[in-house]
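Now for the letters of each chain:
There are 2 protein chains.
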Amino acid sequence: MNLILLHSDDFIADSRVWLRGRRLEHVVSTHRAAIGDQLRVGKLGGLIGTGKVLALDREKLELEIHLDRQPPPPLPITLLLALPRPKMLKRVLQAVASLGVKQIYLINSYRVEKSFWGSPLLQTEKLQEQLLLGLEQARDTILPQIYLRQRFKPFVEDELPQLTAGTAAYVAHPPAASACPFGSNRPTTLAIGPEGGFIPYEVEKLQDCDFTPVSLGERILRVETAVPVLLSRLSDNCGKP
Amino acid sequence: MNLILLHSDDFIADSRVWLRGRRLEHVVSTHRAAIGDQLRVGKLGGLIGTGKVLALDREKLELEIHLDRQPPPPLPITLLLALPRPKMLKRVLQAVASLGVKQIYLINSYRVEKSFWGSPLLQTEKLQEQLLLGLEQARDTILPQIYLRQRFKPFVEDELPQLTAGTAAYVAHPPAASACPFGSNRPTTLAIGPEGGFIPYEVEKLQDCDFTPVSLGERILRVETAVPVLLSRLSDNCGKP
Chain A
0 MNLILLHSDD FIADSRVWLR GRRLEHVVST HRAAIGDQLR VGKLGGLIGT
50 GKVLALDREK LELEIHLDRQ PPPPLPITLL LALPRPKMLK RVLQAVASLG
100 VKQIYLINSY RVEKSFWGSP LLQTEKLQEQ LLLGLEQARD TILPQIYLRQ
150 RFKPFVEDEL PQLTAGTAAY VAHPPAASAC PFGSNRPTTL AIGPEGGFIP
200 YEVEKLQDCD FTPVSLGERI LRVETAVPVL LSRLSDNCGK P
Chain B
0 MNLILLHSDD FIADSRVWLR GRRLEHVVST HRAAIGDQLR VGKLGGLIGT
50 GKVLALDREK LELEIHLDRQ PPPPLPITLL LALPRPKMLK RVLQAVASLG
100 VKQIYLINSY RVEKSFWGSP LLQTEKLQEQ LLLGLEQARD TILPQIYLRQ
150 RFKPFVEDEL PQLTAGTAAY VAHPPAASAC PFGSNRPTTL AIGPEGGFIP
200 YEVEKLQDCD FTPVSLGERI LRVETAVPVL LSRLSDNCGK P
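Residue numbers (numbering that gives the first Met the number 0), protein chains in the order written: chain A, 0 to 240; chain B, 0 to 240.
Bear in mind the hints are in silico, worked out from the structure with no lab data behind them. It is possible that some hints are incorrect.
Because identical chains cannot be distinguished in the list, a pair is counted as satisfied if it fits within a single copy or across any two copies.
Each computed DMTMM-like pair below joins lysine to aspartate or glutamate, with the alpha-carbon atoms no more than 25 Å apart [said to hold, decoys possible]:
hint : residue 1 : residue 2
1    : Lys101    : Glu217
2    : Lys89     : Glu194
3    : Lys86     : Glu128
4    : Lys113    : Glu24
5    : Lys42     : Glu217
6    : Lys152    : Asp209
7    : Lys59     : Asp36
8    : Lys51     : Asp67
9    : Lys113    : Glu156
10   : Lys42     : Glu194
11   : Lys42     : Glu128
12   : Lys86     : Glu194
13   : Lys51     : Glu194
14   : Lys51     : Glu217
15   : Lys51     : Asp8
Please take these sequences and the hints and turn them into a complete structure.
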C-alpha cells in the first residue's frame, strides 16, 4: 500500500477523514505512523496528496488531508483478456491496475475452462478489491472499468468494432509473423488469449475486426508474464518519470 | 509444460528415453497422448525437437526422440535481484527463466527481511525446480545459473566490477531522473531492489560501479510486475519471432 485510498464515506469534513479496518491496520503495522506524520493519500477517482495524522488509536485513524496533484496518467490501452483461472486472475488484475490500464474486458475463448466463469471472484466487489490493491500499489486513484463477456462471438461481432475504432489493435499470437511493436502511446486495443492461445477461428474473427496478430518470439509465456511484457512494450509513458 | 525436458539419465539408448513421475503424468492427463503421437521435447542443456510415443502405460512413457533445433536465444541480461519473499521468489524465478535470463544473482539489500535468507526454497534443487518450470513453459533447455549473495557490500565491491565489464548497467530506482531505455539487445546488467527500493547508500554503491539509475515513471510496481516490464523494455529479441 504505497497510497492510502480514500472513499467518499471516509470524509467527516472537507479535509478530514476517519479510517478503520485494513487501512488503519496497515498504517499502524507497516508505516508505524505517529501523530504528526504525513502519509500519501489519494481520493478514489480524484487527486492525490498527503494526509497528516491527527489522531490514532486502535479504533480509528484521523487524517487532515491535502490533495493537490493528479494521479499518474493512464495507459491508453484497452485490454481484452481471455478469462484466466481465478488464482491467476487475481494477480493479473492487480498487475494490470498497477500498470494503469483503465478498460478491461474479460472475454471467453474456446480454451477458457467453463468453470472459471462460475468463480466467486467474478463478483463486482471481489474484482474491485483486486483492482484497488493495484491502485494502492501504483499510487493511482482511477478505478479501471471491468466488463465480463461470456460469449465470444456476439462480443466480437456486435461490440468490438466500436471499441477498436480509432485504435491500433493487436492480438498476441505466438505463431504470428509480425513482432509486437514498441509503443508509441497511441490508443491501442490488445487481446491476450488463454493458456494455449486463441484458436484459429478466434484469431480470424479478431482479424476481421482489424486486429494484427503479433508475436513475442519463440518463447511461450504464462499469461501473468505476457501481460506486463506486452503492456510495457506497447506503451511508452512508462518511460516518463 | 510446453516442452518435455529430458535429463541425461532418462536415456536408455541414443534416441530412446523412459519417463516416469511428473512428466509421465502430464503427458497422460494434459496431452492425453497416445502411441504414435509426437511431443515437443528438449534435452536439458541441448537441442530441442520431437519425441514419438513408442509405449505408454501407468509406469512409464517411452519416446523415440529426434533433436534438431537450437533452443530460443537467451536474453543477454544479467539480473541482480534483491531477494524477494519466498512466495514471490518462486513466481519471479519461473518468469525470469521463461523470459530467457541466464544469469541471476539474488542479493541482499537493507530492506530484504533477514528471514528470507533462511527459506528452504533457497536450496539448490528447490531453486532449480522453479527454473525448470520456466524453461518448460518457454520451450527452452538452457538452465539459468543462480548465485546467492547474502552480503551486499563485498558483492558490490569485489565481484560486481568484473560482472558488469562491457555491459550497460541499470538500477531500477523510481525517483531516478532518466527513463528506462528501450532495448538494443546489447549485454546488460539490471539491478532490481526489494519492495520499498534500494536505500540511497545502495544506489550510490551501484553508481560507483557505473550503474545508471532508471525509472519506470510515477507508478510503483510490485517486483513480480517490474521484472517482466523491465526485461521486456531492455531487450529486443523478444520481438523476433
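So, going through the hints one by one against the coordinates:
Taking the shortest alpha-carbon separations for Lys101 and Glu217, only the inter-copy value of 16 Å comes in at or below 25 Å, while the best intra-copy value is 30 Å. For the homomeric pair Lys89 and Glu194, the shortest alpha-carbon distances inside one copy (16 Å) and between copies (19 Å) are both at most 25 Å. Taking the shortest Cα distances, Lys86 and Glu128 sit within 25 Å of each other both inside one copy (14 Å) and across copies (21 Å). In this assembly of identical chains, the alpha carbons of Lys113 and Glu24 lie at most 25 Å apart only when taken from different copies (23 Å versus 38 Å within one copy).
Proximity of Lys42 and Glu217 under a CA criterion of 25 Å is satisfied inter-copy only: 17 Å between copies versus 43 Å inside one chain copy. For the homomeric pair Lys152 and Asp209, the shortest alpha-carbon distance inside one copy (15 Å) is at most 25 Å, but the shortest distance between copies (54 Å) is not. With identical chains, the CA atoms of Lys59 and Asp36 are at most 25 Å apart within one copy only, with a shortest distance of 15 Å there and 64 Å across copies. Proximity of Lys51 and Asp67 under a CA criterion of 25 Å is satisfied intra-copy only: 14 Å inside one chain copy versus 65 Å between copies.
Taking CA atoms no more than 25 Å apart as the test, Lys113 paired with Glu156 passes inside one copy only; the shortest distance there is 21 Å, against 55 Å between copies. Taking CA atoms no more than 25 Å apart as the test, Lys42 paired with Glu194 passes between copies only; the shortest distance there is 24 Å, against 36 Å inside one copy. For a Cα distance limit of 25 Å, the shortest separation of Lys42 from Glu128 inside one copy, 16 Å, qualifies, whereas the shortest one across copies, 43 Å, does not. When the C-alpha separation of Lys86 and Glu194 is checked against a cutoff of 25 Å, the pair qualifies both within a copy, at 14 Å, and between copies, at 22 Å.
In the homo-oligomer, the alpha carbons of Lys51 and Glu194 lie at most 25 Å apart only across protomers (24 Å), although the nearest pairing inside one protomer, at 46 Å, exceeds that limit. For the homomeric pair Lys51 and Glu217, the shortest alpha-carbon distance between copies (22 Å) is at most 25 Å, but the shortest distance inside one copy (51 Å) is not. Proximity of Lys51 to Asp8 under the C-alpha cut-off of 25 Å is restricted to the intra-copy arrangement: shortest distance 18 Å within a copy versus 64 Å between copies.
Consistency note: the structure conflicts with none of the earlier hints.
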